[in-house]
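Colleague: Be aware that the sequence shown starts at 4, since it is given in the numbering used here, and climbs by one per residue.
Rather than coming from a laboratory, the hints here were simulated on the basis of the structure.
Since the model is a prediction, treat every value here as computed from it, not as a measurement.
Glycine is no exception: its CB is placed at the ideal position from the N, C-alpha and C atoms.
Derived DSS-like pairs: lysine-lysine, alpha-carbon spacing no greater than 30 Å straight-line:
1. K116 to K224
2. K123 to K224
3. K155 to K190
4. K190 to K208
5. K155 to K103
6. K116 to K190
7. K223 to K208
8. K123 to K223
9. K116 to K103
10. K224 to K208
11. K147 to K208
12. K155 to K208
13. K223 to K190
Across the chosen pairs, the derived CB separations fall in these ranges:
14. S227 to E110: 33 to 41 Å
15. S186 to L232: 32 to 40 Å
16. P243 to S117: 43 to 51 Å
17. L247 to K103: 49 to 57 Å
18. Y234 to G153: 48 to 56 Å
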Amino acid sequence: MTGWRPRKPSPRSPGDEGNAGRGAPGHSGRGGRRSAQAPPAPGGPAPDAPPPTLRRISGLAPPPAKGYNGAERGGGVRELSALAAGVALRRLYHPDENPKQHIPLEEYTANLKSMVQYLKSVDIPEDRVILITPPPLCEAAWEKECLVQGCKLNRLNLVVGEYASACLRVAQDCGTDVLDLWSLMQKDSQDFPSYLSDGLHLSPKGNEFVFSHLWPLIEKKVSSLPLLLPYWRDVAEAKPELSLLGDGDH
Numbered sequence: 004m005t006g007w008r009p010r011k012p013s014p015r016s017p018g019d020e021g022n023a024g025r026g027a028p029g030h031s032g033r034g035g036r037r038s039a040q041a042p043p044a045p046g047g048p049a050p051d052a053p054p055p056t057l058r059r060i061s062g063l064a065p066p067p068a069k070g071y072n073g074a075e076r077g078g079g080v081r082e083l084s085a086l087a088a089g090v091a092l093r094r095l096y097h098p099d100e101n102p103k104q105h106i107p108l109e110e111y112t113a114n115l116k117s118m119v120q121y122l123k124s125v126d127i128p129e130d131r132v133i134l135i136t137p138p139p140l141c142e143a144a145w146e147k148e149c150l151v152q153g154c155k156l157n158r159l160n161l162v163v164g165e166y167a168s169a170c171l172r173v174a175q176d177c178g179t180d181v182l183d184l185w186s187l188m189q190k191d192s193q194d195f196p197s198y199l200s201d202g203l204h205l206s207p208k209g210n211e212f213v214f215s216h217l218w219p220l221i222e223k224k225v226s227s228l229p230l231l232l233p234y235w236r237d238v239a240e241a242k243p244e245l246s247l248l249g250d251g252d253h
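Can you build the whole structure from these sequences, using the hints too?
Modeller: Next comes the structure, spelled out in structure tokens:
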């Protein structure tokens, strides 16, 4: 799943607080130049190894010792039924405004293809992968945020559309599913600024929009999987453990 979480921009540079956990919830799924150039930790993976988030998802790196509820966590490629990946709007800077974090279109395309190819190399086939285009940018709202921080507008929705189109081409070339947020949010003259909290980051309504369109794609991939636990209506109220521990029908 993806970690779509609306977050306020950093005072130092609007929108420059790092990527939300799109590779896996709670992790910084950096898929751009910085992750590709980052040196390995002592005793860590080779310099050409994939980013740690992808390695953890695929089972090549150990997961965190504890889960969100404090339980021991497992995980591995065989347990992965669907993976959704996208790049945040905050990485699509205008090259003249933030050259250090700007990712050229060609590099973005190559990185996206590399991610899919890496997943295939660790036995995560294309039919389990869902690419997500960046959502549209509301320039008027984001410009206000930029002015508050003492800078000028540093992104354009037309440019974001070019990256969205590149994502669509990668999905077609690689044979993955794709969620075209950039087009869907602007379809039929929708009030797409309401999907954004500040013109850039998703609002609660925007997160609901993403879920409503992402879940059908995921459901197609997991609907045939067997249930590990009974439906809640089928759990015995008096002694739920009898139902949950598989001691027959109760």
